[in-house]
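So the chains spell out like this:
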Amino acid sequence: MMPEPTGVIHDIGYRHYEGARLGRGSAFAALTVHSLRGAFGFGRTARAKIMPLLLSTIMLLPAVVSIAIMALVKQQGVKYPDYAVFMQAVLAVFLAAQSPYLVAPDLRFRVLPLYLSRPVAVLDYLGAKLAALSIAMFLVLAVPLTLLFAGELLVDLPGPPHTAEYFSAMAGAVILAVILAALGLALASFTPRRGLGVASVIAFYLFTSAVSAVFYGVFMSMGRDTAGKWAMLINPFFLVDSVQVALFGTAPSNGDGYPPGLWPCLIVVMVIAVALAGLFLRYRKAASS
Amino acid sequence: MNAVVADITYRAMLGRKRIWLLALLPAALIGMAALLRLIGGPDEHTAVILMEKFSIGTMLPLLGLIAGTGVIAPEIEDGTIIHLLAKPISRPVIALTKFVVAASLVAVFGALSTFVAAFLLIRDESGVAYGFSLGALLGGVAYAAVFMLVGVLTRHAVTVGVIYALVWEGLVGGYVPGARTFSIQQWATSIADQISSSPFLTSDVSLGFAISAMVVVTVGSLVWAGQRLRSLSLTGDE
Chain A
1 MMPEPTGVIH
11 DIGYRHYEGA
21 RLGRGSAFAA
31 LTVHSLRGAF
41 GFGRTARAKI
51 MPLLLSTIML
61 LPAVVSIAIM
71 ALVKQQGVKY
81 PDYAVFMQAV
91 LAVFLAAQSP
101 YLVAPDLRFR
111 VLPLYLSRPV
121 AVLDYLGAKL
131 AALSIAMFLV
141 LAVPLTLLFA
151 GELLVDLPGP
161 PHTAEYFSAM
171 AGAVILAVIL
181 AALGLALASF
191 TPRRGLGVAS
201 VIAFYLFTSA
211 VSAVFYGVFM
221 SMGRDTAGKW
231 AMLINPFFLV
241 DSVQVALFGT
251 APSNGDGYPP
261 GLWPCLIVVM
271 VIAVALAGLF
281 LRYRKAASS
Chain B
1 MNAVVADITY
11 RAMLGRKRIW
21 LLALLPAALI
31 GMAALLRLIG
41 GPDEHTAVIL
51 MEKFSIGTML
61 PLLGLIAGTG
71 VIAPEIEDGT
81 IIHLLAKPIS
91 RPVIALTKFV
101 VAASLVAVFG
111 ALSTFVAAFL
121 LIRDESGVAY
131 GFSLGALLGG
141 VAYAAVFMLV
151 GVLTRHAVTV
161 GVIYALVWEG
171 LVGGYVPGAR
181 TFSIQQWATS
191 IADQISSSPF
201 LTSDVSLGFA
211 ISAMVVVTVG
221 SLVWAGQRLR
231 SLSLTGDE
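Residue numbers (the numbering used here), protein chains in the order written: chain A, 1 to 289; chain B, 1 to 238.
Since the hints were derived computationally from the structure, they do not count as laboratory data. Treat the hints with caution; some may be incorrect.
With a straight-line Cα cutoff of 25 Å, these simulated SDA-like cross-link-like pairs (lysine to any residue) come out [said to hold, decoys possible]:
| id | chain 1 | residue 1 | chain 2 | residue 2 |
| --- | --- | --- | --- | --- |
| 1 | A | Lys79 | B | Gly174 |
| 2 | B | Lys17 | A | Thr208 |
| 3 | B | Lys17 | A | Leu281 |
| 4 | B | Lys53 | A | Val85 |
| 5 | B | Lys53 | A | Pro259 |
| 6 | A | Lys285 | B | Lys53 |
| 7 | B | Lys87 | B | Ile76 |
| 8 | B | Lys17 | B | Ile89 |
| 9 | B | Lys17 | A | Val111 |
| 10 | A | Lys285 | A | Val85 |
| 11 | B | Lys53 | A | Trp230 |
Please read these numbers as outputs of a predicted model, since none were measured by experiment.
Looking at chain B on its own, in the form it has when it is part of the complex (with noise of 0.2 Å):
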């Protein structure tokens, strides 16, 4: 961990336009759990399928796309990278300072607008906030380590990323069910489910395997973004 650079990242993620992106899906989360409020009574059965498919299935891939590709991305694009590779800190702290700040973007603003959200609708019924809180930090971390790794790999980050969001876990995903296994969202649900004890959620995935299969997945791609690091090299723009 290096404070300045965290300080530096923060204000330039903060700072921009990005935060709209990271502020509005969260205000939107809660927005319309306020709705489902007001149109009639909220049930178990809403503010599952509202976590579900709004917080886990769309607004946390999201985050995570854009703090995970935001922190990293933009300063390799500008070729400003270069001012923070020139300067004495091992290239893998860089990652991991890096990785810490898309996290803990994506775990305030994701964890905390699903908590709100579903304690808005069913306050504690069933543990679904909790569940579904825990589900959103872990699975954010997850995601944000991956999409960090994949914004140090390739320049169309951001393109890959909603590939495998959208494609994978969405398209392919809903179809083939062997799909599933590798899926950071249905880890997620799969912690959730174990929290909470709502009959309306299932998850296909073990508690274990999900468990096991996100650190992993974040460990690795911390590693992988780190050694990545050492080696890049800046070409020019097309």
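The shape of chain A in the complex, shown without the other chains (with noise of 0.2 Å):
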């Protein structure tokens, strides 16, 4: 005969959580808000916040040194649709730095199932990953096109403001981020180490802009204008550039102009949907694992 069992549960106190349970929304707007102070640093240690606020700070400088300009001499400093292409080794930069925080570490530690194992979905964490730092390029372009045209409004040049001019930057500021980011993201989720992505993101850029400095050289030199035109947008942001003319009618910031009509924008569509669909394969065989 067996004795009947002697063991307890005891009730040590541990309080249940009663509170409402926030569904898939409030997951994605929280990953979304933690991953965009990641983005800047925040909510990590000071030495994180190093770069991100620096490489800001050096995003604004042209725009300081533009409003003194106006106000010197009353004449336009840095123009608006040619500040990201005029930064465009910045932002790179800031890109490369940034999205393999972004992405890395969830892999190195292997946390994705974690994150899954809650309402969060594979597209819901992408999702929340791609809007976090889209907003962090946005802003970090936008905040100086902001400041130089509160700047331009107070120092009220001769002439009307360049209203059309800044909103269309500021367009293209959107069509900026969403593609850097997307790019940014689907090259630093190939390694989970945050050197190497780093280090994959700038070699992207690098590669790109070295690639159509040279064709764009070559063909100019040789005479075929319009194959160098199209060379230039091998470069992301002479890319965005081009779409800025095509669609708002901005002038060119190369000087020679991009090919006419609406391929850039059919390009633009193309890299994202690429780098989008690069980074959900990575991911389904990482949510796996």
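Hints are included, so try docking the two chains, each in its own frame, into the full complex.
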């Protein structure tokens, strides 16, 4: 005969969660805000704040100098639509430095299944990361533009304010932010190592900008101007600038103009689609490991 | 030099995804040279543009960055460097060995592909191929040393290296002539200019300054990295 079981479960006083259980939407929003804060180093160590804040400050410098020029000699400095192309190196460094942070630690420490055991699905996770990085890239570019515009209004240049140019540049900044974020995340997600992620994103930027510069130079010296203009579009910053030119009729910032028509817009959509498809395929694999 | 350390470092560099970045850029350079040959009469000017903009201007800093930080930064990040540092091998010797590995990789991938691409375009016309390969070789060695030092000094080695290569050499060097004097890229171009007689190539830095600066920077970085390894503190990852 078996003795009666004597074990008891003691209630040692853990409290149960009785609040409202927020659903998928809130999880998405929380992850987006967390990633966006992280992209600027908030909620991370002091060392992690140096780089994003330094780069954001560098982005402001041309706007400040431009306002000074406007105030002193009553002349426009950097034009709004040219800002992104002019500061492309800084934007690229910001993208390269921050996009691995958003994806690499989760892959490296294999915590993705923990996220996915919550109401968050793979698409939500990727959407939140993409939204966070897009907003971060947009802010880095839009804040200097807005500062510049505010400065222009305050200085009160002779002639009407360049309102149309400002809004075109802001719309261009949205497109640029989305395409850069998609490319950055797709490239960075292929390695769980942060250093290598930074290197691959920056290698992509340097590679495209060098290829476009070389082919542009060669085609121009051969007298094949049309081919040279197409070669410009290999660089993502000039690609977005050409979309700006095609959609809003701003002056091209490379001086020579771009291929006519809406082809650049189609290329932008295709690049974003390919990058997002690559990202999704990568995470379908990562989610199951 | 320590053969075992070198062997382990080579395997770590060549056995992982890093090799793709190391191999893709030289492959792209040769591919572009082939493409330019295909689309129309390749001339000396084209070759000089390709070498200056892509080979020395883009590929070399990137290779130096990937190889220079790759030999040591991942080990520090993972904390596995502790196993290496605990061995009875002098720290400067470890630094030297890692540097030799990085420099040899940059030399093979960078200088060799530069030579092949230039030779593919214009054969040995006015010494462009020889000049740029020697420039890439010496510049690559200097880049490897500097970026390895950065890898020992900071966790954000790649970002700092990128800022040096892009913002200092690219952006500031483009507008402020004085900044070009302190740019490895310009030193490499100066060496290329000295050997090649091409009229399309000009350099801002004198050869004597370029060579002495390269030696000073390479040796200085090595010594500093070795000293720094002697007092390396391992702190937790953020």
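Of all the hints given earlier, name the ones this structure violates by number, lowest first. As far as the earlier hints go, 6, 8, 10 are violated by this structure, in ascending order.
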